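**Student:** When we follow UniProt numbering, the leftmost residue of the sequence shown carries the number 1, and every step to the right adds one.
I should point out that these hints are in silico values taken from the structure, not numbers from a laboratory.
What you are looking at is a predicted structure, and each value in this text was computed from that prediction instead of being measured.
Think of the CB as a built atom: it goes at the ideal place given N, C-alpha and C, for glycine as much as any other residue.
Misleading hints may appear alongside valid ones.
[Stated by the list, open to error] Label pairs and their calculated CB-CB ranges:
hint : residue 1 : residue 2 : range
1    : GLY88     : ARG10     : 18 to 24 Å
2    : ALA197    : ASP53     : 37 to 43 Å
3    : MET1      : PRO139    : 20 to 26 Å
4    : GLU16     : ALA197    : 21 to 27 Å
5    : LEU205    : ILE143    : 18 to 24 Å
6    : LEU205    : LEU176    : 17 to 23 Å
7    : ILE134    : LYS264    : 26 to 32 Å
[Stated by the list, open to error] Computed cross-link-like contacts, DMTMM-like style, restricted to lysine to aspartate or glutamate with a CA-CA straight-line distance of at most 25 Å:
hint : residue 1 : residue 2
8    : LYS263    : GLU243
9    : LYS3      : GLU149
10   : LYS264    : GLU43
11   : LYS263    : ASP248
12   : LYS18     : GLU50
13   : LYS263    : ASP35
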Amino acid sequence: MTKVYERLQRCYKSIEDKIPFRPRLALVLGSGLGDYAERIEIEASIDYHEITDFPVSTVSGHKGRFVFGHIGIVPVVIMQGRVHFYEGYSIEEVVLPERLMHLMGAEILFLTNACGSANPAYQAGDFMLLTDHILYSVPNPLIGANAEELGVRFPDMSEVYDEALRKEIFACAKDLGISLREGVYMQFSGPSFETPAEVRMAHILGADAVGMSTACEAVAGRHCGMRICGISCISNLGAGLSEEPLSDEDVKVVANRVAPLFKKLVTEAILRIGRE
1 MTKVYERLQR
11 CYKSIEDKIP
21 FRPRLALVLG
31 SGLGDYAERI
41 EIEASIDYHE
51 ITDFPVSTVS
61 GHKGRFVFGH
71 IGIVPVVIMQ
81 GRVHFYEGYS
91 IEEVVLPERL
101 MHLMGAEILF
111 LTNACGSANP
121 AYQAGDFMLL
131 TDHILYSVPN
141 PLIGANAEEL
151 GVRFPDMSEV
161 YDEALRKEIF
171 ACAKDLGISL
181 REGVYMQFSG
191 PSFETPAEVR
201 MAHILGADAV
211 GMSTACEAVA
221 GRHCGMRICG
231 ISCISNLGAG
241 LSEEPLSDED
251 VKVVANRVAP
261 LFKKLVTEAI
271 LRIGRE
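Put together the whole structure using the sequences plus the hints.
**Tutor:** Structure follows, in C-alpha cells:
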C-alpha cells in the first residue's frame, strides 16, 4: 500500500461512521457558489478539521466542510471550500478531497470555479463548459508511487471531461435559456494573477480561460475512474484584455452577481445527470 493510499484510508476511517449515505455525485464549489450547499436539505456535514491528516482551506469565503444531501433524487456530497496549491499544500494534499469523495462512493465529479478569460471573445459573467484543460505550472498529482488501489500508472486523458455529461449540461443550459460557452481551461499555480504575456501565451496554446484550480483535481478524479464534468464562471477579463487592474474583490463581485443563474444551471444539470 502506498503512502498516498495509507493517508487516504486514515482520512476515510476517521469519518466513516459520520457519512450518512453513499453519494453518487461529488460537487466542488468554486467562488460565487459557496453558499449553494446551504440551499439544499443538509442531512449531515463534516468539517475538514474533524478528518485525520486532511488539508484545511485557508482562503476567505471557503467554509471548509463536506455537506451531504439530495438534489432531487441524486445523493450528493458537496465540497464547500477547496484547497489550492498556492496555499502551500503539496499537490497530493490538493487532490486528497476528490480521492476521499471517490472513496465515499462518488462516481461523478462535478467541478466548478471562477476564472479569468484568455479568449478575447469571452466576457466577465459568461459561463464556460469545460471541454479540456492544460495543466500548467503545477505538478501532475499522479507523480510518485502509483496508488494501484485508485487507478493505473498511466491513465488515459484523451477525454477527461465526459462527452455524454457535457452534452447533457449543454442541452440543459439551452432549455433554461442560459448562455453557455465551451472551452479549454488552463491551470496556473497562483496566487498572483497571470501577467498579460501569460494570458496571451495561454490563448496561443489553446486555452479560453485561466485559473488556479480544477485541472489537477480532474486528473486525480479521472485516475480514480470518475466521470468528470465542469463549469467555469468567467469572473474577470485576463490581464491585458482590460485596462483595469485585477483584484480578488472584483472577481467576487462578478461571481456573486451571476451566482443565481450559475446555481440554477448546476441544480438542473445534476437533476438531469441523476436520471441517467
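**Student:** For every hint, state whether the structure bears it out.
**Tutor:** A quick look at each hint next to the structure:
Checked against the given bound of 18 to 24 Å, the beta carbons of GLY88 and ARG10, roughly 21 Å apart, stay inside it. Evaluation of the 37 to 43 Å hint for ALA197 and ASP53 yields a pass: the beta carbon distance comes to about 39 Å. Distance hint for MET1 and PRO139: a CB-CB separation of about 22 Å, consistent with the stated range 20 to 26 Å. Taking the beta carbon of each, GLU16 and ALA197 are about 48 Å apart, not inside 21 to 27 Å as hinted.
Taken as a hint, the range 18 to 24 Å holds for the pair LEU205 and ILE143, whose Cβ atoms sit roughly 22 Å apart. For the hinted restraint 17 to 23 Å between LEU205 and LEU176, the CB-CB distance of approximately 32 Å leaves it violated. In this structure, ILE134 and LYS264 meet the distance hint of 26 to 32 Å, their C-beta atoms being roughly 29 Å apart. In summary, the hint linking LYS263 to GLU243 is not supported, as the alpha carbons are separated by about 30 Å, beyond the 25 Å threshold.
As the CA atoms of LYS3 and GLU149 are separated by approximately 12 Å, the hinted pair is consistent with the 25 Å bound. Pair hint LYS264 plus GLU43 holds up; C-alpha atoms about 21 Å apart against a cutoff of 25 Å. For a cut-off of 25 Å, the pair hint linking LYS263 to ASP248 stands: about 21 Å separates their Cα positions. Restraint check for LYS18 and GLU50: satisfied, since their Cα atoms lie roughly 10 Å apart, inside the 25 Å limit.
Restraint check: the Cα-Cα separation between LYS263 and ASP35 comes to about 10 Å, which is no more than 25 Å; the hinted pair holds.
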